[in-house]
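Throw the hints in and build the complete structure from the sequences for me.
Residue numbers (the working numbering), protein chains in the order written: chain A, 1 to 159; chain B, 1001 to 1159.
Everything labelled a hint here was simulated from the structure, so no lab data went into it.
Treat the numbers as computed from the prediction; the structure is a model and nothing was measured.
Virtual Cβ for every residue (Gly too), placed ideally from N, Cα, C.
One thing to keep in mind: the hints can contain errors.
Unchecked claim - Subject to a maximum C-alpha distance of 20 Å in a straight line, what follows is the list of computed EDC-like cross-link-like pairs (lysine to aspartate or glutamate):
| # | chain 1 | residue 1 | chain 2 | residue 2 |
| --- | --- | --- | --- | --- |
| 1 | B | K1056 | A | E142 |
| 2 | B | K1056 | A | E143 |
| 3 | A | K110 | B | D1078 |
Claimed, not checked - Here are some of the chain A residues that sit facing chain B, going by a computed Cβ distance under 8 Å:
| # | residue |
| --- | --- |
| 4 | N32 |
| 5 | N64 |
| 6 | S82 |
| 7 | K104 |
| 8 | L108 |
Number of protein chains: 2
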Amino acid sequence: MRECESARCQIAECRDALRRLALERLGCARDNQPYIVPIYFAYESDRLYGFATFGKKIDWMRSNSRVCVQADEVLSNDNWISIAVLGRYEELSDTPAYASERGKAQSLLKKRSVWWQTGCVASNVRSQSETPSPAFYCVRIEEISGLRASAQGGPVRVR
Amino acid sequence: MRECESARCQIAECRDALRRLALERLGCARDNQPYIVPIYFAYESDRLYGFATFGKKIDWMRSNSRVCVQADEVLSNDNWISIAVLGRYEELSDTPAYASERGKAQSLLKKRSVWWQTGCVASNVRSQSETPSPAFYCVRIEEISGLRASAQGGPVRVR
Chain A
1 MRECESARCQ IAECRDALRR LALERLGCAR DNQPYIVPIY FAYESDRLYG FATFGKKIDW
61 MRSNSRVCVQ ADEVLSNDNW ISIAVLGRYE ELSDTPAYAS ERGKAQSLLK KRSVWWQTGC
121 VASNVRSQSE TPSPAFYCVR IEEISGLRAS AQGGPVRVR
Chain B
1001 MRECESARCQ IAECRDALRR LALERLGCAR DNQPYIVPIY FAYESDRLYG FATFGKKIDW
1061 MRSNSRVCVQ ADEVLSNDNW ISIAVLGRYE ELSDTPAYAS ERGKAQSLLK KRSVWWQTGC
1121 VASNVRSQSE TPSPAFYCVR IEEISGLRAS AQGGPVRVR
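Dropping the structure here:
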């Protein structure tokens, strides 16, 4: 039973980190070519909510929904945590079917002061004249793992 | 001619960032599933040099050499730079053919005080008893692009 408690505790540490950290990295892939961008996420339960304007990463995730989200927190060289989430991209399209989820995404993201920035900056450099079309989306989490280095306790894999 | 000068200057900014930033994120993919890990790199010319112990990412990069390396520097919410490198993984095996490149990788990485850490921590949690087998490798850079947000000048795409 101690092993089960320990496993839950370790997953809890991953989830705590996802709640705490807003700036993360989103990895998508097309034809087995990975591509990484920094992005702001809001985490709740089994999903990460994000915002972007249409461009390369949305194109890629529409053609292949498999993604990885990585978050890390480096307090010092020997005290850091890194979390990797594997999951599926799902666009929260502006339709009645997604109204509730889009509302939830907006509400959670609004708590992040700069949640819109990474998406809007990419849009601004694509075109100075067009109005950006925002895309809200979520990542349905399938697997969470984490690695922590600690000066006190040594490295620990969190899974 | 101004456009050419401007283009070179923008690439130079990406290269400066790669020289300055040591902690980056490495993305690899298998069966179109991306996976991201934090890693220390040393940059020189058209290559990034890294170190790891054998595990998931080496397995994946051996089966698919297409990788993405992402580096960012966040000075404030409206002053940050993010660089994305697309390239090919190449293992610097412990053979005479790679002796020179391995020496170069070791020499460049030694200038980074904690270059060995991300690789060794992953190895430690895999096995507390086995001696880790180090793998030096490089990423042959095929494409560099970058995005910068600046409070003064607005967002700029660097390519």
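Those earlier numbered hints the structure runs against, lowest number first: 7 and 8
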